[in-house]
Amino acid sequence: MIIGKVLGNVWATKKDPKLSGRKLLVVRTTGSNGAETIVAVDTIGAGIGEDVLVTKGSVARNSLGDRDSPVDAVIVGIIDTLEVDDKLLE
Amino acid sequence: MIIGKVLGNVWATKKDPKLSGRKLLVVRTTGSNGAETIVAVDTIGAGIGEDVLVTKGSVARNSLGDRDSPVDAVIVGIIDTLEVDDKLLE
Amino acid sequence: MIIGKVLGNVWATKKDPKLSGRKLLVVRTTGSNGAETIVAVDTIGAGIGEDVLVTKGSVARNSLGDRDSPVDAVIVGIIDTLEVDDKLLE
Amino acid sequence: MIIGKVLGNVWATKKDPKLSGRKLLVVRTTGSNGAETIVAVDTIGAGIGEDVLVTKGSVARNSLGDRDSPVDAVIVGIIDTLEVDDKLLE
Amino acid sequence: MIIGKVLGNVWATKKDPKLSGRKLLVVRTTGSNGAETIVAVDTIGAGIGEDVLVTKGSVARNSLGDRDSPVDAVIVGIIDTLEVDDKLLE
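Protein chains in written order, with our numbering: chain F, 4 to 93; chain B, 4 to 93; chain D, 4 to 93; chain Y, 4 to 93; chain R, 4 to 93.
Read the hints as simulated data drawn from the structure, not as lab findings.
It is possible that some hints are incorrect.
No copy labels: a pair is met if it fits in one copy or bridges any two.
Unchecked claim - Here are the simulated DSBU-like pairs of lysine-lysine, each with C-alpha atoms no more than 30 Å apart in a straight line: (1) K90 - K21; (2) K8 - K90; (3) K8 - K26; (4) K17 - K90; (5) K26 - K90; (6) K21 - K8.
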C-alpha cells in the first residue's frame, strides 16, 4: 500500500456505469521522485486533509465487493499514527 | 485511476484482432516526474482536450465487457470538476 | 498501452520452454523520464524502426492465446499515424 | 521482489475489515531514483531496522492465505545476507 | 520483460514457506532513470554476471509451475545476443 493525503474530490458525470455512486477522491502520494496525484475510490469515509493508505492494482477491488469494477486504486485505511525510527531515516 | 488530458488519436491498421473497432486515444498523464504519454481505449466518448480518468492494469478490461482483450488502459470517466483544497497543495 | 519504437532483436537459447518460438523484440518506450528499454513478444510482424503499441502486465498474454505464458509485454499494434493537437502539447 | 528496510509501524483504526489484525509495516525501498516508502503486511515477524524482501502486486496475497484481501505488498523474507559481486557494481 | 544483469545472491532463512528451495538472485535492471535493483527467482540456471530477461508481475509465476507462490519477478531467459540498430539509438 502507499501513503497519501486526500486533497479533494473529482466529479465525472459521464463515466463507466460501474463507477456510479462511487466517491472519487484526489490523493497525493509520495513516490520515488516527489509527489504524484491519483484518484482513488473511498468506501471508509476518508476526509480531505487526512492521511490514508491506498491499495493499487487489481486487488484494490477486493475492498469494493464488486470484482467487475474498473477500479485500480482504493482507500483501505485512514492513518492514525505512523511510527518511524528516526535513526533509520538518515 | 490517474488523471490525464486527451491529446489525439492513434491509428493502427495492423493490430491484434481483439483491438478491432476500438477507439484508441493518446492521453497525457502527469506522473511523479512530469508528463507521460499513454494510449487508452475510450468507450464513453471522450474528446480531444478533455480531462479524463484512466484506469490502468488488468482491471481496465472490466470497462470493455471483453475479458480477452489485450488492453491495459481505459478511459473510465470525463472529469467535470476537480475540487482540491489549495491549502493542501503547498 | 504505451508507445515505443522497435530497436532490434533479443536471442536467448536458454529460456523458459513457454517462450520457445516467440519473437522477442527490443522496444524503446518513452516513459515519464526519458527512454526505457523493454523486451516485448511480437505476433503481428513488427519490424525494426517501426512505432508500435505495447500492452504490459498480465493482460498482455491475451494477445498470445496462451494464458500460461510468462510474458508481461506484447506488441499489439503497429502505429500508422499518431494525430495529436499541437496546441495541447505546450 | 524488491529489497527494503523496515522503518516502523502504521496504525489505522478506520480501515477495510479485511485488514483487521494485520501488522502493517513502513518499508523504505530503493527504486530507480532514490528511496520510496510503502506499507507492507508482515506475517513472518520482521522487526524495525531489518532488511526484507517485499512482493508487490496481486500475487502478494498468496502469502496471506486470503485471496480476498485488498493487499498489494507483503514482506515475504528477512534478508540474512546479500552477496553481490563488487566488480559488477561499477 | 526487462533486461538485467545478475549481480549476486540473496539469502533469507526466515521466509514465506512457499519460497523454500527457490534460488533468489539480485538483478540490476536499467529502468527509465538509471539502475534499479530487484530480486528475481531463477529456475533456468542463470549465473552471476549474465544478462537475463526478467518477467515481472502476476504472470511471472507461470514460469514456476506454482500459482500460489508469492513471487513477482522471475528470470525467464539468459540473453545470448542483443541486436540493436545503432542508427535508432541516437
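Problem - Intra- versus inter-copy proximity for K90 and K8 (alpha-carbon distance at most 30 Å) - result: Classified as both; 24 Å inside a copy, 12 Å across copies.
Problem - Copy assignment of K90 with K21, given that the CA separation must stay at most 30 Å - result: neither (46 Å within a copy, 32 Å between copies)
Exercise for the section: With 30 Å as the alpha-carbon cut-off, assign the pair K26 and K90 to within, between, both or neither. Expected result: For K26 and K90, only the inter-copy Cα distance (22 Å) is at most 30 Å; the intra-copy one is 39 Å.
Practice task
Indicate which option fits the pair K17, K90 if close means a Cα-Cα distance not exceeding 30 Å: within, between, both or neither.
Solution key: between (49 Å within a copy, 25 Å between copies)
Exercise for the section: Up to 30 Å between alpha-carbons, please classify K21 paired with K8: within, between, both or neither. Expected result: This pair counts as both: shortest intra-copy Cα distance 25 Å, inter-copy 22 Å.
Problem - 30 Å Cα threshold - placement of K26 relative to K8 - result: both (16 Å within a copy, 21 Å between copies)
Of the hints listed earlier, the one the structure fails to meet is number 1.
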